[in-house]
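Below, each chain spelled out in residue letters.
2 protein chains.
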Amino acid sequence: MSKIKIGLFGFGVVGRGIYEVLLKSKNANAEIVKICIADINKPRTLDASIFTDRADDILDDPEIDLVVEVINDADAAYRIVKKALCSGKDVVSGSKTMLAFHLEEFIEIQKRCGSALLYDASSCGSIPVIRNLEEYYDNDLLLEVKGILNGSSNYILSRVFDHSMPYETALRQAQELGFAESDPSFDIDGLDALFKLVIITVHAIGAYVHPDRIFTYGISSIHESDIRYAREKNVKIKLVAQVAKISESDFTMFVMPEFVPPSRYIYSVDDEYNGVVIRGECYDRQFMFGKGAGSLPTASSILSDIMARQHRYRYEYKKLHFQDKPSYTTDVRLKIYVRYSETDIPSLLHFLSVDEQYVSKESRYLIGEILLSELMAKRDALRGKDVFIANIPTFFTDLD
Amino acid sequence: MSKIKIGLFGFGVVGRGIYEVLLKSKNANAEIVKICIADINKPRTLDASIFTDRADDILDDPEIDLVVEVINDADAAYRIVKKALCSGKDVVSGSKTMLAFHLEEFIEIQKRCGSALLYDASSCGSIPVIRNLEEYYDNDLLLEVKGILNGSSNYILSRVFDHSMPYETALRQAQELGFAESDPSFDIDGLDALFKLVIITVHAIGAYVHPDRIFTYGISSIHESDIRYAREKNVKIKLVAQVAKISESDFTMFVMPEFVPPSRYIYSVDDEYNGVVIRGECYDRQFMFGKGAGSLPTASSILSDIMARQHRYRYEYKKLHFQDKPSYTTDVRLKIYVRYSETDIPSLLHFLSVDEQYVSKESRYLIGEILLSELMAKRDALRGKDVFIANIPTFFTDLD
Numbered sequence: 001m002s003k004i005k006i007g008l009f010g011f012g013v014v015g016r017g018i019y020e021v022l023l024k025s026k027n028a029n030a031e032i033v034k035i036c037i038a039d040i041n042k043p044r045t046l047d048a049s050i051f052t053d054r055a056d057d058i059l060d061d062p063e064i065d066l067v068v069e070v071i072n073d074a075d076a077a078y079r080i081v082k083k084a085l086c087s088g089k090d091v092v093s094g095s096k097t098m099l100a101f102h103l104e105e106f107i108e109i110q111k112r113c114g115s116a117l118l119y120d121a122s123s124c125g126s127i128p129v130i131r132n133l134e135e136y137y138d139n140d141l142l143l144e145v146k147g148i149l150n151g152s153s154n155y156i157l158s159r160v161f162d163h164s165m166p167y168e169t170a171l172r173q174a175q176e177l178g179f180a181e182s183d184p185s186f187d188i189d190g191l192d193a194l195f196k197l198v199i200i201t202v203h204a205i206g207a208y209v210h211p212d213r214i215f216t217y218g219i220s221s222i223h224e225s226d227i228r229y230a231r232e233k234n235v236k237i238k239l240v241a242q243v244a245k246i247s248e249s250d251f252t253m254f255v256m257p258e259f260v261p262p263s264r265y266i267y268s269v270d271d272e273y274n275g276v277v278i279r280g281e282c283y284d285r286q287f288m289f290g291k292g293a294g295s296l297p298t299a300s301s302i303l304s305d306i307m308a309r310q311h312r313y314r315y316e317y318k319k320l321h322f323q324d325k326p327s328y329t330t331d332v333r334l335k336i337y338v339r340y341s342e343t344d345i346p347s348l349l350h351f352l353s354v355d356e357q358y359v360s361k362e363s364r365y366l367i368g369e370i371l372l373s374e375l376m377a378k379r380d381a382l383r384g385k386d387v388f389i390a391n392i393p394t395f396f397t398d399l400d
Numbered sequence: 001m002s003k004i005k006i007g008l009f010g011f012g013v014v015g016r017g018i019y020e021v022l023l024k025s026k027n028a029n030a031e032i033v034k035i036c037i038a039d040i041n042k043p044r045t046l047d048a049s050i051f052t053d054r055a056d057d058i059l060d061d062p063e064i065d066l067v068v069e070v071i072n073d074a075d076a077a078y079r080i081v082k083k084a085l086c087s088g089k090d091v092v093s094g095s096k097t098m099l100a101f102h103l104e105e106f107i108e109i110q111k112r113c114g115s116a117l118l119y120d121a122s123s124c125g126s127i128p129v130i131r132n133l134e135e136y137y138d139n140d141l142l143l144e145v146k147g148i149l150n151g152s153s154n155y156i157l158s159r160v161f162d163h164s165m166p167y168e169t170a171l172r173q174a175q176e177l178g179f180a181e182s183d184p185s186f187d188i189d190g191l192d193a194l195f196k197l198v199i200i201t202v203h204a205i206g207a208y209v210h211p212d213r214i215f216t217y218g219i220s221s222i223h224e225s226d227i228r229y230a231r232e233k234n235v236k237i238k239l240v241a242q243v244a245k246i247s248e249s250d251f252t253m254f255v256m257p258e259f260v261p262p263s264r265y266i267y268s269v270d271d272e273y274n275g276v277v278i279r280g281e282c283y284d285r286q287f288m289f290g291k292g293a294g295s296l297p298t299a300s301s302i303l304s305d306i307m308a309r310q311h312r313y314r315y316e317y318k319k320l321h322f323q324d325k326p327s328y329t330t331d332v333r334l335k336i337y338v339r340y341s342e343t344d345i346p347s348l349l350h351f352l353s354v355d356e357q358y359v360s361k362e363s364r365y366l367i368g369e370i371l372l373s374e375l376m377a378k379r380d381a382l383r384g385k386d387v388f389i390a391n392i393p394t395f396f397t398d399l400d
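Quick note, the sequences are listed as chains S and B, same order. Sequential numbering of the first sequence, starting at 1, is according to our numbering. Sequential numbering of the second sequence, starting at 1, is according to our numbering.
Among the hints, a few may not be true.
[Unchecked claim] With a straight-line cut-off of 30 Å between C-alpha atoms, the simulated BS3-like cross-links for lysine-lysine are:
id, chain 1, residue 1, chain 2, residue 2
1, B, LYS111, S, LYS26
2, B, LYS325, B, LYS361
3, B, LYS26, S, LYS245
None of these hints come from the bench; they were simulated from the model.
Sequences and hints are given; from them, build the entire structure.
Take a look at the structure:
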């Protein structure tokens with residue numbers, strides 16, 4: 001097999017990790033021949049001749065077989081990946097934001113142009129979720145994929161919860177350790193988990209759902225009283241993303257904080273780790289656990305995709321063509337906890353039933369049944385308010 | 001894609017599970033057209049016309065594309081799989097004993113005859129260990145695979161340990177629940193875990209090591225005093241199979257009870273579950289957890305292999321051709337606990353150093369460093385004795 005020639009876009013934390021991992025891996029039979037970066041004048045550890053700031057130096061180079069794209073700018077990533085795929089170059093990408101918005105188009109382009117796009121590193125870093133959903137759970141027995149997909153929000157919640165650290169300190173620490181993005185809203189508002197969930201759902205259910213159609217609620221409004229409540233009930237608060245079949249004909253998706261009891265697998269997924277539960281008919285629950293982010297874990301996942309391409313591996317998107325595929329719905333009853341102070345939650349949110357209501361000088365909360373579609377309809381009204389929402393899984397997801 | 005026609009060998013617990021799973025899976029596009037069984041006169045739930053007791057009714061039928069083999073008799077399984085592969089039929093097999101002894105030959109036959117053999121169900125039932133080692137961890141970063149690979153011995157140890165059940169009662173219960181084979185020695189002497197480890201190692205390291213060359217020690221001689229000792233030290237006793245690189249040039253393998261502290265992933269793998277830790281450079285540790293055995297979990301794994309063959313998937317055995325592959329060695333220092341009564345362990349086993357020695361009216365034990373090769377040399381002398389050995393992981397495997 002001839003040596004694969006790689007053009008790399010991005011030489012930040014992950015890009016440098018890929019360079020390092022390829023050096024370590026004697027049998028990879030792949031070589032980075034050109035690296036495209038935004039700032040050509042920044043001092044680098046490698047010889048200057050390998051760098052360029054012109055994307056076309058890679059995209060138009062017929063010697064380069066494979067584009068590896070790990071840049072932060074989603075729009076630039078989109079243009080690069082699209083041009084590469086259209087010109088017949090294969091691509092390995094780690095850009096979840098870009099993929100979550102453009103995956104449908106990329107599936108079509110791959111088909112039309114014969115090129116292949118692999119992106120296991122985009123969801124859960126070193127945990128091979130996409131590959132397993134695509135290859136191993138490639139039948140219609142799958143019922144649910146649920147997990148902690150964002151390492152930095154999980155790190156923050158672990159610090160706050162297990163170490164009684166103030167939220168602000170935990171956030172700062174996550175940033176210092178490099179787990180959180182410099183703009184932390186991406187992590188703590190649940191967007192990172194949402195984008196990964198969109199990608200996962202394509203391979204889990206065979207359906208692409210636009211991020212805007214999915215209820216997403218983050219952890220930034222968590223309050224001491226929420227933590228106290230969870231401790232009293234002997235549960236942890238985790239930011240959970242899930243896609244689940246709720247019947248033969250429907251599935252639902254959402255990202256929100258959840259009260260997780262000790263009996264669940266994801267209860268013990270702490271710090272910057274990710275954990276994914278795959279539940280299906282016949283095989284029940286499988287749990288995959290590992291480092292979801294970071295330079296080398298992500299780079300090792302990229303390496304797996306690079307080597308897969310050497311063996312002509314591509315996603316088949318088999319489930320997109322399944323018969324009797326379920327449709328996306330938000331017409332699902334959830335039991336939720338809503339803690340609020342000024343916002344008049346009882347007037348704002350229409351509950352189907354209310355189980356508990358608590359009012360004190362310090363905090364107020366309400367526990368009840370609500371439709372996911374109602375949360376979707378009110379999400380703009382809820383944004384930025386001193387309101388914290390957590391899912392209490394009792395309805396369709398009582399098994400994990 | 002045309003419907004795949006399957007000839008099934010075996011209609012026991014797993015065989016019936018496969019039949020059921022294929023009925024459930026609308027998109028499998030596969031049909032069992034003939035089932036070969038040992039006793040044609042036994043009453044069955046299906047129409048008699050589907051059954052035969054002549055293997056050649058399947059093997060010589062040109063209409064049948066794929067042989068699925070899930071029988072207990074390893075010799076018969078060998079003959080069936082060999083004939084099928086040699087005549088160009090693809091095979092999905094769940095027979096770990098047969099595979100552990102004949103995998104080298106089957107790799108050669110696949111190459112020569114162009115047919116494909118898949119066997120993910122043979123190791124850890126529904127957990128896709130083989131597929132992930134082959135496809136995702138397909139580089140030379142992998143350092144170690146370690147896990148609880150046998151559900152019934154783990155079930156027994158969980159009962160004994162967490163529920164203070166007498167060993168004999170736990171064993172009987174495991175048999176009643178269908179976790180243990182009717183001849184339980186296969187499970188409790190570690191053979192089942194050993195055979196799975198042999199198969200896993202082919203895909204983890206790219207090396208086939210004959211089962212006879214691997215030190216294997218089971219749990220049948222466990223004693224109340226061993227359990228008491230482990231409880232005092234706040235560890236659990238688990239039957240652990242492992243393969244680990246100990247240097248750039250060497251790797252080692254063994255199956256034996258191990259003292260597992262709460263910080264390790266496998267500590268919380270209880271009852272009939274399996275758990276596998278994959279450790280590598282860059283990605284650190286990944287943990288996969290699920291139901292390792294049972295009718296439907298195993299059948300769902302077989303279904304994955306059946307669907308993989310529809311998409312022309314085959315194992316590439318890439319690592320067999322890696323440069324600078326490590327060699328198998330037993331020249332490894334282990335720290336072990338040996339509890340004994342009559343057998344004169346201090347004379348029988350040569351320890352490199354002794355850390356602790358304990359003698360009371362009720363029990364004696366010794367903790368010290370020993371070469372794995374010394375345990376290998378004395379394994380016949382240890383067999384059937386009132387001796388219990390447990391690995392205390394401190395040397396090369398202190399990370400999982």
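Going down the list of hints, with the structure as the test:
Distance hint between LYS111 (chain B) and LYS26 (chain S) is fulfilled; the C-alpha atoms sit about 25 Å from each other, no more than 30 Å. Taken as a hint, the LYS325 (chain B) and LYS361 (chain B) pair is broken in the structure, with Cα atoms around 50 Å apart against an allowance of 30 Å. Note on LYS26 (chain B) and LYS245 (chain S): the hinted pairing holds, with a Cα-Cα distance of about 15 Å set against a maximum of 30 Å.
In summary, the structure is inconsistent with hint 2 from the numbered list given earlier, while agreeing with all the others.
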